[in-house]
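**Q** Just so you know, the sequences run in chain order A and B. The C-terminal position of the first sequence is numbered 169 in this note's numbering, with every residue numbered one higher than the one before it. The C-terminal position of the second sequence is numbered 189 in this note's numbering, with every residue numbered one higher than the one before it.
No wet-lab data here; the hints were simulated from the structure. In this text the structure is predicted, and so the values were computed from the model without any measurement. Don't be surprised by glycine CBs; every beta carbon is placed ideally from N, CA and C. A portion of the hints provided could be inaccurate.
[Claimed, not checked] Far from chain A by the CB rule (all over 12 Å, computed), these chain B residues:
#, residue
1, Glu4
2, Met20
3, Asp25
4, Asp29
5, Arg40
6, Phe57
7, Thr71
8, Ile82
9, Leu88
10, Lys90
11, Pro112
12, Ala128
[As the list claims (entries may be wrong)] List of simulated lysine-lysine pairs, DSBU-like, C-alpha gap at most 30 Å:
#, chain 1, residue 1, chain 2, residue 2
13, A, Lys43, B, Lys87
14, B, Lys64, A, Lys61
15, B, Lys66, B, Lys131
16, B, Lys89, A, Lys14
17, B, Lys131, A, Lys43
18, A, Lys71, B, Lys87
19, A, Lys43, B, Lys90
20, B, Lys124, A, Lys14
21, B, Lys30, A, Lys61
22, A, Lys71, B, Lys173
23, B, Lys174, A, Lys71
24, B, Lys89, A, Lys71
25, B, Lys55, A, Lys14
26, B, Lys21, A, Lys14
27, B, Lys89, B, Lys126
28, A, Lys43, B, Lys124
29, B, Lys66, B, Lys30
30, A, Lys43, B, Lys55
31, A, Lys61, B, Lys124
32, B, Lys184, A, Lys14
33, B, Lys124, B, Lys90
34, A, Lys43, B, Lys155
35, B, Lys21, A, Lys71
36, B, Lys21, A, Lys61
37, B, Lys131, A, Lys61
38, A, Lys71, B, Lys184
39, A, Lys43, B, Lys173
40, A, Lys43, B, Lys64
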Amino acid sequence: MKDSCSSISRLLEKYFDRETTVDERNLVQDHLRQCAACQAQLKSMEELRATLRSPVDEAVKEETFAWVWQKIEREIQTREKPSWQESIRAWFGLSFPFRRRVWIPAVAAALLIVAIGSPLLFKETPSQTELSIVEYVQSDTNNVMVFESEKENVAIIWLFEATEGEPST
Amino acid sequence: MGHEEADLISRCQMGDQAAMKEIFDEYRDKVYRVAYGVVRHREEAMDIVQEVFVKLFLTIGNFKGKSSFYTYVYRTAMNTAIDHVRKLKKSTSLSFEDDAERYLSDGPEKRPDQVAMDKELEEKVKGALAKLPDDQRAAIIFREVEGLSYQEMAKAMDCSMGTVMSRLHYGRKKLQQLLRGYVKEGGKT
Numbered sequence: 001m002k003d004s005c006s007s008i009s010r011l012l013e014k015y016f017d018r019e020t021t022v023d024e025r026n027l028v029q030d031h032l033r034q035c036a037a038c039q040a041q042l043k044s045m046e047e048l049r050a051t052l053r054s055p056v057d058e059a060v061k062e063e064t065f066a067w068v069w070q071k072i073e074r075e076i077q078t079r080e081k082p083s084w085q086e087s088i089r090a091w092f093g094l095s096f097p098f099r100r101r102v103w104i105p106a107v108a109a110a111l112l113i114v115a116i117g118s119p120l121l122f123k124e125t126p127s128q129t130e131l132s133i134v135e136y137v138q139s140d141t142n143n144v145m146v147f148e149s150e151k152e153n154v155a156i157i158w159l160f161e162a163t164e165g166e167p168s169t
Numbered sequence: 001m002g003h004e005e006a007d008l009i010s011r012c013q014m015g016d017q018a019a020m021k022e023i024f025d026e027y028r029d030k031v032y033r034v035a036y037g038v039v040r041h042r043e044e045a046m047d048i049v050q051e052v053f054v055k056l057f058l059t060i061g062n063f064k065g066k067s068s069f070y071t072y073v074y075r076t077a078m079n080t081a082i083d084h085v086r087k088l089k090k091s092t093s094l095s096f097e098d099d100a101e102r103y104l105s106d107g108p109e110k111r112p113d114q115v116a117m118d119k120e121l122e123e124k125v126k127g128a129l130a131k132l133p134d135d136q137r138a139a140i141i142f143r144e145v146e147g148l149s150y151q152e153m154a155k156a157m158d159c160s161m162g163t164v165m166s167r168l169h170y171g172r173k174k175l176q177q178l179l180r181g182y183v184k185e186g187g188k189t
């Protein structure tokens, strides 16, 4: 190994990895022409690369990936349960959160609807009670009428005097 | 990241299965190569491929597009493969024998003695790789198996190019020592 080998060793790896500049490449190539040790080092790196890479190249050629995709698809479907925030985001087409500000007018519109609609929704409406006469008692002086409400379980007793002109039955 | 890929990712984020399939078809070989490069075992590599893509698709909403998608994929693949090996080391050691039959059946054109030699070498490689620190092993796989440039490696490993070169240098040196007799050791460096 020549003296300049130590300075070229790092460049040799860059050269092997095709990462040198043109000047560096020329420098390494000039050195390699006259240095057997660096040629051997280069050859060794090539062998190591082939040893690591060849079985991978062979394996990847022989694999079929269709069944793996089916397994992936199944697993995603079982594990993927989007939160309500994600569902809303997806509905608005927000791929990156809050990138598009469409949610602002949407929320404003929703608030407006609630503000306008709530008094109408919560306004008390008079309930109509259905009364039915369950008893009617007549006497010479007074008449009594008993009403009962079906819904509210209320009984009303109406006591009134018989008018003189009213014919008695 | 190209406009087309950004659109594809965006569709994935909205749960589009067809877009996910496109991503899978685009990256499956790359992920497999990284996985196989680390574990040197076909079935284990396939398990890792599955794990990586499930992980990618379930967390794709977290991908903000700040880095390239391929570096994101490579990083996930490498981390998953290294974690896988770590877990296996804790529980049981992977037996290369499991793959022996597959080797024999997959290569009818190979002579039995060649198959045996390949098997022995592959076992040695696996053992040698397992002895490297994680960062050196990642650098070796990215460069020697997957052929990434220094710049791509630096992005995938989140470090400087100088660090990449250093990891590669020490990783190669150690592998050449560990595989002495199988791979010629070069001159002194």
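**Q** Find the hints from earlier in the document that the structure breaks and name them by number, from lowest to highest.
**A** Hints 2, 3, 4, 5, 6, 12, 13, 14, 15, 16, 19, 22, 23, 25, 26, 30, 38, 40 contradicted; others consistent.
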